[in-house]
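**Student:** Sequence:
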Amino acid sequence: MNSTIYSIILSSLATGTIITMTSHHWLMAWIGLEINTLAIIPIISTQHHPRSTEAATKYFLTQATASATILFSSTINAWQTGTWDITQISTTPACTLLTMALAMKLGLAPMHFWLPEVLQGSTMKTALIITTWQKLAPMSLIFLSMNNLSTTTLLLMGFLSSMLGGWGGL
Numbered sequence: 181m182n183s184t185i186y187s188i189i190l191s192s193l194a195t196g197t198i199i200t201m202t203s204h205h206w207l208m209a210w211i212g213l214e215i216n217t218l219a220i221i222p223i224i225s226t227q228h229h230p231r232s233t234e235a236a237t238k239y240f241l242t243q244a245t246a247s248a249t250i251l252f253s254s255t256i257n258a259w260q261t262g263t264w265d266i267t268q269i270s271t272t273p274a275c276t277l278l279t280m281a282l283a284m285k286l287g288l289a290p291m292h293f294w295l296p297e298v299l300q301g302s303t304m305k306t307a308l309i310i311t312t313w314q315k316l317a318p319m320s321l322i323f324l325s326m327n328n329l330s331t332t333t334l335l336l337m338g339f340l341s342s343m344l345g346g347w348g349g350l
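With positions in the sequence shown counted from 1, the corresponding number in my numbering is that position plus 180.
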């Protein structure tokens with residue numbers, strides 16, 4: 181890949197993360213997440229191999245599903261409460277859908293099945309970007325809406341992820 185194109189893609193990756201981390205409006209957070217998703221797809225598919233194409237397709241489909249669920253949960257919240265503010269998510273269906281969508285974006289158990297397959301089809305540098313930088317934006321959304329999300333569910337997903345990751349590493 182050309183170094184100019186690669187630097188543009190990496191800067192758009194950083195821009196998407198910064199937009200998501202600094203937004204207080206659900207639509208801007210969603211736009212930042214989509215910029216992140218669209219910027220990582222060419223990086224995943226730089227190798228001209230069927231496994232990298234499959235990994236890019238799986239990554240796109242899971243991230244698009246999670247993004248649509250985030251948009252749906254924020255729309256439900258805006259319909260019920262009249263606000264698009266990230267810190268004001270208060271309805272139970274919206275909180276549940278948001279927790280599921282962010283868990284899918286992060287690759288937390290029980291919605292983690294896409295992550296090992298995507299990482300196997302990627303290079304080591306791409307896998308490093310996917311497992312670190314791509315997780316910053318969803319983690320910031322969890323941090324911003326943490327007062328309204330179920331702490332028990334978040335702890336359970338973290339515990340399940342730790343157990344399944346440790347068990348899978350044996």
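The set of hints was computed from the structure by calculation and includes no laboratory data.
Incorrect hints may appear among the rest.
As the list claims (entries may be wrong) - DSS-like mimics (lysine-lysine), calculated; alpha carbons at most 30 Å apart, straight line:
| no. | residue 1 | residue 2 |
| --- | --- | --- |
| 1 | K238 | K305 |
| 2 | K238 | K315 |
| 3 | K305 | K315 |
**Student:** Each of the hints needs a verdict: does it hold here or not?
**Tutor:** Now the hints, each set against the structure:
With a CA separation close to 18 Å, the supplied pair K238 and K305 stays within the 30 Å bound. As the CA atoms of K238 and K315 are separated by approximately 17 Å, the hinted pair is consistent with the 30 Å bound. With a C-alpha separation of about 15 Å, the suggested pairing of K305 with K315 holds against the 30 Å cut-off.
In this structure, every one of the numbered hints holds.
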